[in-house]
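Trainee: For reference, the chains in residue letters:
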Amino acid sequence: MRLRKIKEFIGFGIVRLATIIILLALFAILYFIVIRGIKVVNWQFLSQMPHSGMTAGGILPAILGTFYLTMCAICFAFPLGVAAAIYLTEYAKQGKLIRIIRIGVSNLAGVPSVVFGLFGLAVFVKFFGFGISILSGGLTLGILILPTIIRSSEEALLLVPHSFRWASLALGASKWQTIFKVVLPNAVSGMLTGSILGIGRAAGETAPILFTAAAFYTTKLPCSIFNEVQALPYHIYALMTEGVHPKAQVPIAYGTALVLIFLVLGINCIAIIMRNRFRRRQKW
Amino acid sequence: MVKMAINMDYAERRNRDLTFLKRFKMSTTNLNIWYGAVHAVKNINLSIEKNKVIAIIGPSGCGKSTFLRSLNRMNDVILKSRIEGKILLDEKNIYDTDVDVVEIRRKIGMVFQKSNPFPKSIFENVAYGLRVNGIKDKNYLEQKIERSLKDAALWKEVEDRLDSLALDLSGGQQQRLCIARALAVEPEVVLFDEPCSALDPTATAKIEELIQELKKKYTIVIVTHNMQQAARISDFTAFFMLGELIEFDKTDKIFTAPSKKTTEDYITGRFG
Amino acid sequence: MKRRQKENLIQGFFCGLSLCSILFLLGIVIVLFKEGLPIFNVISFGKLFFGKFWYPTYEPADFGMLPLILGSLMVTVGALIISVPLGVASAIYISEVAHPKGKEFVKLLIELLAGVPSVVYGFFGMVFLAPLVQNFFGLPVGLNAFTAAILLGVMAIPTITSVSEDAISAVPESFKEASYALGANRWETTVKITLPAAMGGISTGIILGMGRAVGETMTVLMVAGGAAVIPHSFFEPVRTMTATIAAEMGETVVGGEHFHALFAIAIVLFLMTLTFNIIADFLSQRFRRRLR
Numbered sequence: 101m102r103l104r105k106i107k108e109f110i111g112f113g114i115v116r117l118a119t120i121i122i123l124l125a126l127f128a129i130l131y132f133i134v135i136r137g138i139k140v141v142n143w144q145f146l147s148q149m150p151h152s153g154m155t156a157g158g159i160l161p162a163i164l165g166t167f168y169l170t171m172c173a174i175c176f177a178f179p180l181g182v183a184a185a186i187y188l189t190e191y192a193k194q195g196k197l198i199r200i201i202r203i204g205v206s207n208l209a210g211v212p213s214v215v216f217g218l219f220g221l222a223v224f225v226k227f228f229g230f231g232i233s234i235l236s237g238g239l240t241l242g243i244l245i246l247p248t249i250i251r252s253s254e255e256a257l258l259l260v261p262h263s264f265r266w267a268s269l270a271l272g273a274s275k276w277q278t279i280f281k282v283v284l285p286n287a288v289s290g291m292l293t294g295s296i297l298g299i300g301r302a303a304g305e306t307a308p309i310l311f312t313a314a315a316f317y318t319t320k321l322p323c324s325i326f327n328e329v330q331a332l333p334y335h336i337y338a339l340m341t342e343g344v345h346p347k348a349q350v351p352i353a354y355g356t357a358l359v360l361i362f363l364v365l366g367i368n369c370i371a372i373i374m375r376n377r378f379r380r381r382q383k384w
Numbered sequence: 017m018v019k020m021a022i023n024m025d026y027a028e029r030r031n032r033d034l035t036f037l038k039r040f041k042m043s044t045t046n047l048n049i050w051y052g053a054v055h056a057v058k059n060i061n062l063s064i065e066k067n068k069v070i071a072i073i074g075p076s077g078c079g080k081s082t083f084l085r086s087l088n089r090m091n092d093v094i095l096k097s098r099i100e101g102k103i104l105l106d107e108k109n110i111y112d113t114d115v116d117v118v119e120i121r122r123k124i125g126m127v128f129q130k131s132n133p134f135p136k137s138i139f140e141n142v143a144y145g146l147r148v149n150g151i152k153d154k155n156y157l158e159q160k161i162e163r164s165l166k167d168a169a170l171w172k173e174v175e176d177r178l179d180s181l182a183l184d185l186s187g188g189q190q191q192r193l194c195i196a197r198a199l200a201v202e203p204e205v206v207l208f209d210e211p212c213s214a215l216d217p218t219a220t221a222k223i224e225e226l227i228q229e230l231k232k233k234y235t236i237v238i239v240t241h242n243m244q245q246a247a248r249i250s251d252f253t254a255f256f257m258l259g260e261l262i263e264f265d266k267t268d269k270i271f272t273a274p275s276k277k278t279t280e281d282y283i284t285g286r287f288g
Numbered sequence: 009m010k011r012r013q014k015e016n017l018i019q020g021f022f023c024g025l026s027l028c029s030i031l032f033l034l035g036i037v038i039v040l041f042k043e044g045l046p047i048f049n050v051i052s053f054g055k056l057f058f059g060k061f062w063y064p065t066y067e068p069a070d071f072g073m074l075p076l077i078l079g080s081l082m083v084t085v086g087a088l089i090i091s092v093p094l095g096v097a098s099a100i101y102i103s104e105v106a107h108p109k110g111k112e113f114v115k116l117l118i119e120l121l122a123g124v125p126s127v128v129y130g131f132f133g134m135v136f137l138a139p140l141v142q143n144f145f146g147l148p149v150g151l152n153a154f155t156a157a158i159l160l161g162v163m164a165i166p167t168i169t170s171v172s173e174d175a176i177s178a179v180p181e182s183f184k185e186a187s188y189a190l191g192a193n194r195w196e197t198t199v200k201i202t203l204p205a206a207m208g209g210i211s212t213g214i215i216l217g218m219g220r221a222v223g224e225t226m227t228v229l230m231v232a233g234g235a236a237v238i239p240h241s242f243f244e245p246v247r248t249m250t251a252t253i254a255a256e257m258g259e260t261v262v263g264g265e266h267f268h269a270l271f272a273i274a275i276v277l278f279l280m281t282l283t284f285n286i287i288a289d290f291l292s293q294r295f296r297r298r299l300r
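Residue numbers (the numbering used here), protein chains in the order written: chain A, 101 to 384; chain B, 17 to 288; chain C, 9 to 300.
What the hints contain is simulated information worked out from the structure, not anything from laboratory work. Fair warning: there could be bad hints in the mix.
Said to hold, decoys possible - As a list, the in silico DSS-like pairs of lysine-lysine whose alpha-carbon atoms are at most 25 Å apart: (1) B:Lys108 x B:Lys233; (2) C:Lys10 x B:Lys152; (3) B:Lys96 x C:Lys14; (4) A:Lys281 x B:Lys136; (5) A:Lys193 x B:Lys96.
What the hints assert, rightly or not - Not the full set, but computed from the structure, chain A residues with beta-carbon under 10 Å of chain B: (6) Lys193; (7) Gln194; (8) Arg265; (9) Trp266; (10) Leu269; (11) Ala270; (12) Thr278; (13) Lys281; (14) Val282.
Yeah, the Cβ is synthetic: ideal placement off N, Cα and C, and Gly gets one too.
Required output: the full structure, derived from the provided sequences and hints.
Mentor: Rendered as structure tokens:
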């Protein structure tokens with residue numbers, strides 16, 4: 101009896117320890133970057149252009165670049181993804197074909213992001229001739245998050261009880277009226293949550309923009325969507341691996357990492373809090 | 017009306033007794049419904065008289081709900097089904113290809129087994145059907161909503177909180193709200209799919225009373241698994257079993273002197 | 009019938025848009041194969057996959073993918089050794105040990121861990137972990153398979169944890185109650201009843217985590233050291249498939265042999281992750297059917 105108790109104690113102790121190790125890893129990363137980054141980040145750092153060959157100045161172009169890329173991605177992927185989800189759940193006959201499409205979409209969510217980068221290079225940069233630009237990078241990121249948006253929108257739509265649809269149809273509402281006035285208002289929060297998570301993902305990805313949008317050093321801000329841009333995640337990578345003054349570049353990388361982490365985790369936090377709120381509020 | 021009569025083919029028109037038409041709101045002819053391989057409703061011929069309450073009873077799985085849902089073509093949405101035969105509303109087959117399903121469902125309202133108010137305010141719930149039918153006039157909406165809520169015997173309980181969320185109402189109130197919502201679009205027929213099965217006896221009594229009141233204006237078809245309820249509220253009763261219509265007659269007759277042995281067995285509680 | 013036309017128009021609109029997005033997604037597969045298959049005009053199947061040398065810029069070039077495949081394999085296995093025990097254990101903690109409040113908190117933090125961008129892991133690895141590993145083991149370089157495996161392991165944990173936690177939570181209370189009623193304590197119930205019952209779901213999580221580790225690019229590009237030679241130990245620099253694409257694509261001539269070779273790597277990656285996903289799908293469906 102005693103032995104069994106000890107075993108239980110040790111067993112659950114190990115489980116606790118493992119969890120603590122994981123959380124420690126998270127804290128280590130955050131702590132390290134915050135402590136070193138905070139020394140660099142100030143208003144000038146956020147609002148100035150870089151100068152002296154990337155060894156001094158701010159990261160404004162990278163912040164703006166990430167913003168443009170992300171906006172471009174979400175403007176492309178949100179309407180397309182939501183429309184696809186509406187079609188797949190509300191209109192399409194639920195047969196084999198739709199099931200294959202669903203499996204395909206969910207599998208694409210697991211394809212490595214660098215593969216999406218290759219696709220963007222072959223299609224947007226070369227085939228459509230957009231060159232290395234905000235447009236190419238944004239579209240590539242858009243396609244990267246498209247499966248996520250389709251899936252989360254579908255889940256949101258499927259969560260709306262069928263009885264709502266029936267009630268609406270039985271009142272003489274057409275299919276579209278039912279979707280627009282009953283289904284979508286009740287699904288929109290879930291769709292938004294999914295999309296915000298998508299934004300967070302797009303903002304933090306590097307591999308897809310490596311050869312579709314990113315530039316290490318630009319002296320001026322982009323003025324059209326056909327310009328190449330700096331972006332926060334790529335900036336970190338470039339500062340650590342390129343350039344000629346590694347010593348001077350590392351502190352800037354800390355600052356950039358802090359800004360990026362703050363941005364991405366902030367976006368994720370918003371999405372998670374939103375999701376938990378909506379879950380609690382839902383009564384049906 | 018005239019136009020429709022012209023559209024109908026001659027033989028059909030000749031076969032129809034006009035007085036018969038006036039008396040009956042809906043009728044089904046050789047109605048068959050399949051779900052995949054399951055033959056759920058078999059060869060039903062049934063006529064539904066205007067301003068009467070028709071109850072459909074039978075053991076569960078007898079096809080009574082399926083039958084009910086075919087009357088306003090909700091089966092199109094709820095489950096994949098195949099239908100044969102005719103269902104006439106006035107003199108028009110609602111399964112004809114040129115028929116607008118949406119229009120049919122507006123004319124034939126439905127109240128579901130489980131109350132299903134939208135997660136909106138009480139006001140917006142009742143207004144919904146009117147709004148989707150293109151009514152924007154605020155005054156008219158308000159009048160109409162008051163009228164419908166009164167008809168559904170809910171007005172007194174909610175008149176001072178029309179803006180509160182419908183989901184905060186009690187179960188019985190929610191069901192009456194769903195009835196009010198169905199009435200607001202001025203249907204001609206109202207279908208009830210076991211409307212009281214999730215309610216307590218008091219709420220049930222209220223709804224039964226309400227149905228008695230409603231038949232003055234509407235034709236009512238109600239599916240119920242509760243035989244006492246059928247006996248209390250209906251003028252006609254149809255007894256379904258295994259997808260077939262076993263007996264259809266005045267309610268008094270069904271419950272006092274059924275002509276079929278199976279019907280008698282069922283209502284005396286020998287099975288089901 | 010105006011309404012019906014309008015309805016059809018709307019349906020057509022949605023059908024068109026969803027076809028668009030499906031075409032884009034299908035396009036990925038098509039483009040990969042279109043750009044990757046031409047490499048077989050230059051090099052045989054066997055040479056590509058089992059060639060021991062990756063010298064894409066030599067004259068004549070060598071496109072032996074074996075070092076890259078082994079590199080990917082090595083960091084992935086290393087990552088799993090770290091992430092599987094930690095991930096499963098934390099899943100047990102969340103579903104069986106933690107109080108409801110603590111549970112929400114830990115779940116939130118693990119979700120945040122999943123949100124940390126891979127380039128940040130890479131950065132952290134370069135400036136913090138690599139020097140640490142180098143000093144601790146007395147190595148010539150800190151950027152090696154070992155360091156990369158640790159980071160990838162941490163990155164794969166959230167996937168494993170969340171899928172496993174779902175699986176463990178899905179085990180019906182009645183199983184556990186039956187076990188308690190027979191006198192087993194909570195630990196024995198967890199190990200002998202809950203975990204075996206949740207095994208299908210847990211293995212789904214592990215495979216998905218594996219997919220994440222194989223496909224991860226930036227971290228390994230920055231931390232694994234980048235030597236495209238067949239590795240002999242965990243403490244040597246390696247080059248994975250993903251890192252190769254990321255590092256070399258910028259310098260290739262579009263349409264050249266090297267370009268096609270990199271796409272061929274992408275095909276391999278794609279097929280690998282697809283296989284993982286299909287296996288994971290299959291396992292999770294079987295798991296759900298069994299529980300029912």
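Trainee: Restraint: A:Val282 near chain B, CB-CB cut 10 Å. Satisfied or not?
Mentor: Holds - the Cβ of A:Val282 comes within 10 Å of chain B, reaching about 6 Å at its closest.
Trainee: For B:Lys108 and B:Lys233, compute the direct alpha-carbon distance and say whether it is at most 25 Å.
Mentor: Between B:Lys108 and B:Lys233 the Cα gap is close to 21 Å, so the pair holds against 25 Å.
Trainee: Using 10 Å as the Cβ threshold, decide whether A:Ala270 counts as touching chain B.
Mentor: Holds - the Cβ of A:Ala270 comes within 10 Å of chain B, reaching about 4 Å at its closest.
Trainee: Quick one, is the A:Lys193 hint okay against chain B at 10 Å, beta carbons?
Mentor: Hint holds; A:Lys193 Cβ to chain B Cβ min 8 Å, cut 10 Å.
Trainee: Identify whether the interface hint at A:Lys281 stands, where standing means a beta carbon of chain B within less than 10 Å of its own.
Mentor: With a minimum Cβ separation of about 7 Å from chain B (threshold 10 Å), the hint on A:Lys281 holds.
Trainee: Does the interface hint hold: is A:Trp266 within less than 10 Å of chain B, judged Cβ to Cβ?
Mentor: At 6 Å from the nearest chain B Cβ, A:Trp266 passes the 10 Å test, so the hint holds.
Trainee: Grab the minimum C-beta distance from A:Thr278 to chain B and call the hint holds if it beats 10 Å, violated otherwise.
Mentor: 8 Å, holds
Trainee: Would the hint on A:Leu269 stand, with a C-beta cut-off of 10 Å toward chain B?
Mentor: Since the shortest Cβ distance to chain B is 6 Å, the answer is holds.
Trainee: Taken at face value, is the distance from the CA of B:Lys136 to the CA of A:Lys281 at most 25 Å?
Mentor: The given pair, whose Cα atoms are some 11 Å apart, holds under the 25 Å limit.
Trainee: Does A:Gln194 pass the interface hint, meaning its C-beta sits closer than 10 Å to a C-beta of chain B?
Mentor: Because about 9 Å separates A:Gln194 from the closest Cβ in chain B, which is inside the 10 Å limit, the hint holds.
Trainee: Is C:Lys10 close enough to B:Lys152, meaning Cα to Cα at most 25 Å?
Mentor: 20 Å, holds
Trainee: Between the alpha carbons of A:Lys193 and B:Lys96, is the straight-line distance 25 Å or under?
Mentor: 10 Å, holds
Consistency note: the structure conflicts with none of the earlier hints.
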